[in-house]
Structure formats: C-alpha cells, structure tokens
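S.K.: Based on the provided sequences and hints, a complete structural model is requested.
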Amino acid sequence: MPSEETMCQETTRIEAKKIFGDIFNLSESRNNRDNPEKCLEWPEEIGNGFISMITLRPGIFLEIGNFRLREHITISFKQAHNSVSLVFSISGSIRRALDSEKGRYEYWSYTQGHSTIGYLPKHQQSIIKSSAGSRAYYVHITIDPLLLNSFMDGQYDQIPVALRNIVNGAAEQYFYQESLMNPSVNMAIHQIINCPYQSSLKRLFLEGKVLELISYSMAQSVSLGSVSGKNAELRPDDIERLVEARDILIHDLENPPSLLELARQVGTNKTTLNKGFRQLFGTSAFDYLRICRLERARELLDNKIMNVTEAAYSVGYSQHSSFTKAFKKHFGTNPKDHLH
Amino acid sequence: MKLLSPRISSRGHAGEKEKGRKEKIYHIRCLSQDIVSSDSCIDNTWRQTELRPRMWVSMLESSPKGTVSLQYQKDPAMIDFGFVLSGRVNHRSDNKKNTMEAGRGFAGIGYFPGRKGVAEISGKGTLRVLHLHMNPELLCNMLQEDLGAMPPDFRDIMEGDTRKIFLSGRNMCAITRTVVSELFDPGPSGFPKRLYLEYKTMELLNLQIMHLMSQENGCRLSSSERSRIIEARDMLLKDLSDPPTLNDLSRNFSLSRNKLQFGFRVMFNNSVFGCLREHKMQTACHLFKTTDMNVSQVAWETGYVNVSQFTKAFKKRFGLLPNQYRQSVPLSH
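Heads up: the sequence lines are chains A and Y, in that order.
Its first residue numbered 5, the first sequence is counted upward by one per residue in my numbering.
Its first residue numbered 7, the second sequence is counted upward by one per residue in my numbering.
Only true hints are included.
Derived DSSO-like pairs: lysine-lysine, alpha-carbon spacing no greater than 27 Å straight-line:
#, chain 1, residue 1, chain 2, residue 2
1, A, Lys206, Y, Lys199
2, A, Lys308, A, Lys329
3, A, Lys21, Y, Lys295
4, A, Lys21, Y, Lys244
5, Y, Lys199, A, Lys333
6, Y, Lys244, A, Lys22
7, A, Lys42, Y, Lys244
8, A, Lys42, Y, Lys295
9, A, Lys206, Y, Lys265
10, A, Lys279, A, Lys333
11, A, Lys206, Y, Lys244
12, A, Lys22, Y, Lys295
No lab work stands behind these hints: they were computed from the structure.
Please read these numbers as outputs of a predicted model, since none were measured by experiment.
M.R.: The following block contains the structure:
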C-alpha cells in the first residue's frame, strides 16, 4: 500500500456536495419519487467507471462504486446528519481520514474483502482518499441511526456498548469496526451488484438485500463483541500494532511469516497477537491469511490475469480441488465463473 | 386498523354446538403487537409484527383437535398475501358468496373491502400459514412506474378503488416455499430478529410482485421482452432534451416498432410518445415546485424548443397555464 509520501502524482480535490448533492441528506429525502437513482461517471481525464446512488427509503441510502482512477482524488465530506456507514469493499482499498479532536487525523481503511461499520456524528469532517491505478469496487450503505434503532427492536444487550450508544442517539464520538466479509455477506453483495431486475422490482430487491446486509453487520458486531468479552477494549497502540501485523501478514501471501515471527516484528507475543486479531478482525491470524489468499485469487480471476490452476498456485494452494472447495465455501461461486 | 389477531376470546356458538359438531367460533379482534397466545382448545401460536407503518406480517401455527372456525372482519381492507405451509384452511365470506379453499402449498393474493368472514381450520394436521398485509397505497408507492404491469383490477385497488375485489391463487414455487419456511423458523441466523423478518418479507413480496406481473403479461410478452421494454422506457426518459426516436429504441432493444408500442400500452398504459410527454409534464411540475426557473427555462429543460408548444401541452395536461401553475405552488426547497 503506497503511503501518502510516495504519492507523486497530482491529487484532485473534490467537494462531496458536487458529486452527491443533497442525496446524503437522509432525513429530508422523504420523497424518493423525486430522486430515486443517480449515476455519476468519472470524467475521462480523472478515470473511468461510475458511482451509482439510490435512496431505498427515507433513511437508507445505497452507493455502489466501481472505477479505476487515473489521478489520486480526495473527496471532502461534512456530515449533515448523524449517520452509520457500512462499507463492503469488493476490490481495491480506499482510506478515510477524519478530523479528530486532538487536531490530527484518524484513519479508517476500506480494504478489499472487509466490511466496516462506521459512525459519523453530525458536523464530522472527513476526507476520502482514493488512489490512482487500482480498481475500487465497493458497496456503501448509509443509514440513519434512528432507523437502525427501530430495526434492533430492543435487542441491545448483545451489541457492543459503543454501537448501542449510537443507535440510541447517545454517541457523540465516531466509531469504527472492521471485519472480514463472511460467505453470506459475499453472497448478498454478489446479488446486489448483479441485480437481475429493473425499476420498482429492482428497488424492492435492493432494499431487501440491503436490509439483509445491515442484519449481517449487526450480527457480526455481536460476535466481535462477544470475543472481547470481559476484556477491556483494545488500546489505540494495540490497534496500530495489529494493523501493522496484518499488513506484514498479507504482504507476501505465498511466504507468510510464522505467527512467532510476526509477533516479534510488531513487538508483542503470540497470544496477544492472536487474541487481538480475533478482537479486531473477527478471526484468527491464520484464518485471516486464508481469506486474504482467496480474495487475492478472486481478484486475479476477475481481472482475467490467470486461469484457475495458476491462481490457486500463486496464492499458495497446491491442489486445484481444495482451492475450488475453499473458494466456493467462501464466495458461494465457482472460481471458473469469475473468468467469464 | 383491524387484522386477524390472536386474542381469541372464545365465544361459543350455540347453534353450532347443538348440531353436535366439534366446532368453536372465535371472535377476532384487532391488535397491534406480537402476541403468543394459546388456548386450551386449540394449541396455537400467533405472531404478528408491524414491519413498517401499514405493513404487517403474521404467522399462525395451529393444531386444533377438531375443526375450528375463526371469525374475522377486515376494515379498512388490506391487500393480503397468504401462504399455507401445511394444513388446510377454508375461507368463506359472510354472505357465503365467496369461498376459498387453501391447502398445503397454496399462495394467494386477495383484497376484499369491508369483508367479514370465517376461516375454518380443519382438525387434521398442523396448520402453518403466513400472511402479509399491506395497505394498497403503500404498495402503490413501492411499485410506481410498474403499476401498468399489474392486472387492471389490482392496479385500480392500489390506486384507491375500494369497491373492487381481487383474488388470485396458485401453488407456491420452490423459492417462495423456502422463504416462507425461513420466516417461520429463522434459526440462529436471524439477528436482529426484527430486521430478519423485514428483509425476508421483502424477498417474499418481490417474488409475489413478479408473479403478478408475469400473470398479467405472460401470455402476450415474454419476460425478456418485458425487461427490454422497461429498459427502452428508461432510455427514452433519460435525456429529455434529446430523446431517442422510435427507430432508435427499436434497433437498440431488438424489438419491432409494433412490439414496442404494444408493450408500452400493455405495461405502462400509454403510448411511447405519451409516456415521454407525461414524463416531461411531471418533470416540469417538479421543477416549478422545487426551483425558481421561469416558464421558458422549464420548457427548455424538459426538451421543448418552443415555449408556446410547451404552454399548450401543459394546459392540455393540467388545465392550467404554466405561469398560473408556477404562481399557485409555493416554492419548497
């Protein structure tokens, strides 16, 4: 992942309002007859691809982005409303920098194969950074916390405290949680981006699928919360270490470091590392690696860079059949279907 | 709002008892929250949830020892989607004019204004039935541009006709059956429960709407033709200042001009040109309401080069001159 310092290309700065208009204005888009669907195509000189946006009902907004940029861009946002944002990243990686109170930036990352739950309070400023070169493909759901509250229907006791405060309208701080997309999430995403319907059926279908994704995200936050159990929440420097470990782990998928090496490199021990991994990413370091391998393979297939056997081999599977099986289990699709 | 509900206050029906039949009449009153109720006579579970205003899902599981009758009244009337997973239920209306028998695997869609009736549950086996009740207007709002693809009576009901009756029944297809069973038995995956109910119900609704559409047009248009006609409509309305010609559409979507015009009539209840004009008029109204554009700007924006043509069309459609209309609506930003 290139750090900001190494970026030498020009960066285009865009105000979110120019792209999205008032569409993020959750509470006022009461009548979605007026503006149910919008599609933005990047101008030729910036990149190719699109961002499509649809208001599914007052309080729920769906955005699908699929583009490859020629320039780095930053889009600056200022939240008009409290909103919970769920990002499911299918491909590529996008970062969001948030102004924090201490006068420095806090970074969220939307990494391939991951989903995030984020909370942005009213007036929160943030900047989305999207780099040139790689393809960004994501599904982004924005939802009014009050609506989310009505969906929970009192089942609060299981979700993390921070999230509980958000849906109760008691949170003033932003919130961020990252987890891997599990097979059911992948399936729903697949159905959303390949929606077989048109007009009203399409809206109904998307609305249902989006609610399904919201439900998965809530369930995921529960399982993450229960892993941490009585343990204290992770400290910021723990998180930093874990993210660093994650980056090292997936840097070279064919020759990953052992758990011991990895722990040493980031200055912690095996137990803490594995426990932290479960807490932050929802699964063990080894399982995390496995999923990243499958993600990488899918990317190779989607971009038609390799055939199935080559892709399997390049991410460390020596057997075609075990690769196919693992792939199918994770994504719900056959690897070779991705080559069409 | 009156719906089938569980608070089943038993009200013995003398006449029936005298005949010595093992039947009990239950009076059903309206209720608006989840309830699980059991009665000594029938062992049943009733769950009912208001998913959003004017949309309800209810599930009844009942294993009566003998035949049981449930009396109900629906007022105001709702569009009901019913699904029978197992067991058998007979509906008969108050005046005994309409009877409907629904057995295992039955899926029905109905609307009966102010209907009173009796549902008779046979004592053999467990009855598991799911209902989705919707206010017609809500469904109308959801379907919007596809209203035309609905059966005419059903469309009238959604548009507010409260005198019409609609009933359609068929066997559940495999997917529908799966979704209904999942709603009955969510398993561990359904968290939060309320949200699970809602998205599964939407899935179910989607399937039913699709069936209604294919029922309406199936005999005359294939599903591929239908979807191409919808795409053609989308393309037609995309850019009002430079709309495609009939030939463009015909070529782009591989539909003959005749088929295209016929399809528009069937599905949108309007000609191709009529659809475009109606959309222009609606857009114009919208612009008058939400912007401070003047009449010529709006005319230009909706693809009219000539203001007088626009004025004429507007007057014909709404009975008001554009300028009068513009002054009559307060700007709502």
